[in-house]
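*Asks:* Each chain, letter by letter, is given below.
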Amino acid sequence: MTKGELISWFRIYEMFKFQSFHMYGVIGSAVGLGTVLMLLFRKGIIKNVQGDKIIVPAKEFEWKRSLFGGLIFGLGWALTGACPGPMFVLIGNGVLSIIVVIIGALIGTFLYGKLKNVLPH
Amino acid sequence: MMEIISQPWQWYVAGPSIVVVMFLLYFFGKRFGVSSNLETLCTIGGAGKYSDYFKKDWKESLWNILFLLGAVIGGFIASNYLSSNVPIDLNTKTISDLSVLGIENAGASIVPPELFGWQALSSLKGISLLLIGGLCIGFGSRWAGGCTSGHAIVGLSNFQIPSLIAVVGFFIGGIIMTWVLFPLIF
Numbered sequence: 001m002t003k004g005e006l007i008s009w010f011r012i013y014e015m016f017k018f019q020s021f022h023m024y025g026v027i028g029s030a031v032g033l034g035t036v037l038m039l040l041f042r043k044g045i046i047k048n049v050q051g052d053k054i055i056v057p058a059k060e061f062e063w064k065r066s067l068f069g070g071l072i073f074g075l076g077w078a079l080t081g082a083c084p085g086p087m088f089v090l091i092g093n094g095v096l097s098i099i100v101v102i103i104g105a106l107i108g109t110f111l112y113g114k115l116k117n118v119l120p121h
Numbered sequence: 001m002m003e004i005i006s007q008p009w010q011w012y013v014a015g016p017s018i019v020v021v022m023f024l025l026y027f028f029g030k031r032f033g034v035s036s037n038l039e040t041l042c043t044i045g046g047a048g049k050y051s052d053y054f055k056k057d058w059k060e061s062l063w064n065i066l067f068l069l070g071a072v073i074g075g076f077i078a079s080n081y082l083s084s085n086v087p088i089d090l091n092t093k094t095i096s097d098l099s100v101l102g103i104e105n106a107g108a109s110i111v112p113p114e115l116f117g118w119q120a121l122s123s124l125k126g127i128s129l130l131l132i133g134g135l136c137i138g139f140g141s142r143w144a145g146g147c148t149s150g151h152a153i154v155g156l157s158n159f160q161i162p163s164l165i166a167v168v169g170f171f172i173g174g175i176i177m178t179w180v181l182f183p184l185i186f
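So the protein sequences, as listed, match chains W and C.
Residue 77 in my numbering is what sits at position 77 of the first sequence, and the numbering runs on without skipping anything.
Residue 29 in my numbering is what sits at position 29 of the second sequence, and the numbering runs on without skipping anything.
Some hints here could point you the wrong way.
With a straight-line Cα cutoff of 27 angstroms, these simulated DSSO-like cross-link-like pairs (lysine-lysine) come out [claimed, not checked]:
| hint | chain 1 | residue 1 | chain 2 | residue 2 |
| --- | --- | --- | --- | --- |
| 1 | W | 3 | C | 59 |
| 2 | C | 59 | W | 114 |
| 3 | C | 55 | W | 114 |
| 4 | W | 47 | C | 30 |
| 5 | C | 49 | W | 17 |
| 6 | W | 116 | C | 49 |
| 7 | C | 93 | W | 114 |
| 8 | C | 125 | W | 17 |
| 9 | C | 49 | W | 114 |
| 10 | C | 55 | W | 116 |
| 11 | C | 59 | C | 30 |
Because the hints were derived from the structure by calculation, they are not lab data.
Computed from a prediction, not measured in an experiment: that's the story for all the values here.
All chains should be built: construct the whole structure from the sequences, respecting the hints.
*Replies:* Dropping the structure here:
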C-alpha cells in the first residue's frame with residue numbers, strides 16, 4: 001500500500017476529483033483479477049490449505065445500511081484520505097497523527113454498536 | 001532489482017498485489033476485511049459492557065489484528081528501506097486546485113502537513129477534523145458492513161449488489177466532501 005501510494009491523502013483527493021486514473025486502475029485491476037479468483041473458489045478449482053472448498057459469504061441485501069453507511073464512510077475517507085487498512089500502514093510510515101483518526105474510528109464504531117437498533121438497515 | 005522495488009508502483013502492480021493478499025487470506029481459511037478489526041478492538045477494550053453488539057469472542061478475530069500489526073510493520077519497512085522519496089506524480093490540475101484551498105506542495109509528502117502536521121494537531125479545528133473524519137469511517141463502515149476491502153474489493157469481485165450500493169455510497173460521500181465541504185473547511 002505504501003509502494004502503490006494508496007496511503008496518500010493526495011491520491012484519494014485526486015481520485016474524488018476524477019483527475020487521475022491511478023486509484024481507478026488499482027481498484028479496477030484488483031476487482032478484475034479478484035473476480036477470476038472468486039470464480040476459481042466457487043468452482044472449487046482453488047481449495048484452501050486443508051483441501052476444502054473456499055466459501056466467501058454473501059453480503060446481506062439491506063440497501064439502506066449499504067447506502068447510508070457507505071455515504072458516511074465516504075465523507076470520512078475523503079476527509080482523512082485513509083480507509084481502515086491504510087490508517088495502520090501510515091503509522092508504520094511515521095505519520096503518527098493518524099492515531100487521532102484511529103481513535104475517532106474506534107469512537108465511531110462504538111457509537112454504531114450503541115445506536116445499531118435505532119438505525120435503518 | 002532493488003531499484004525497481006524502490007520506485008513507486010504503477011496501478012497494474014499495486015492492484016494485483018492486493019489480490020495476492022486476498023488469495024493468501026482465503027487460502028489459509030481466513031477472509032479479507034479490515035474494518036471489522038475496529039469492532040474487535042472495541043470488544044477488547046471492554047465495549048461489551050455498554051452494548052451487546054460487542055459481546056463477541058475476540059480471540060477468534062485475533063489473526064485479523066495481527067494483519068493490522070503486519071500493516072504497520074509493512075509500512076515501516078516500505079517507507080524506511082524500499083522508498084526513493086520521489087514526489088507523488090499528481091495531476092498538475094490537482095496541485096493547483098489544492099493550492100487554491102491553501103494546501104501547498106501537494107505530493108511532496110504522503111499526507112498534507114496542513115492537516116496532519118503538529119501545528120494542525122495542536123489547533124482545535126485541526127484535531128476535530130481528524131477525529132470527525134475517523135468517526136465517520138468507523139461509524140460508516142460498521143453501518144455499511146464493510147469498507148474498501150470487504151465491499152469494494154471482495155464484494156464487487158463476488159458480484160454482491162449490497163457492495164455495489166455501498167461503493168456508490170462511498171463515492172457520493174467522497175464527492176460531497178471533496179467538492180462541496182472542502183472549500184468550506186479550508
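*Asks:* Hint by hint, note whether the structure agrees.
*Replies:* Structure-based check of all given hints:
1. W/3 - C/59: 31 angstroms, violated
2. C/59 - W/114: 22 angstroms, holds
3. C/55 - W/114: It holds: about 12 angstroms lies between the C-alpha atoms, which stays within 27 angstroms.
4. W/47 - C/30: Satisfied, since the Cα-Cα distance of roughly 13 angstroms is no more than 27 angstroms.
5. C/49 - W/17: 42 angstroms, violated
6. W/116 - C/49: The given pair, whose Cα atoms are some 15 angstroms apart, holds under the 27 angstroms limit.
7. C/93 - W/114: 43 angstroms, violated
8. C/125 - W/17: 24 angstroms, holds
9. C/49 - W/114: Holds, because 11 angstroms separates the two Cα atoms, which is no more than 27 angstroms.
10. C/55 - W/116: 14 angstroms, holds
11. C/59 - C/30: 14 angstroms, holds
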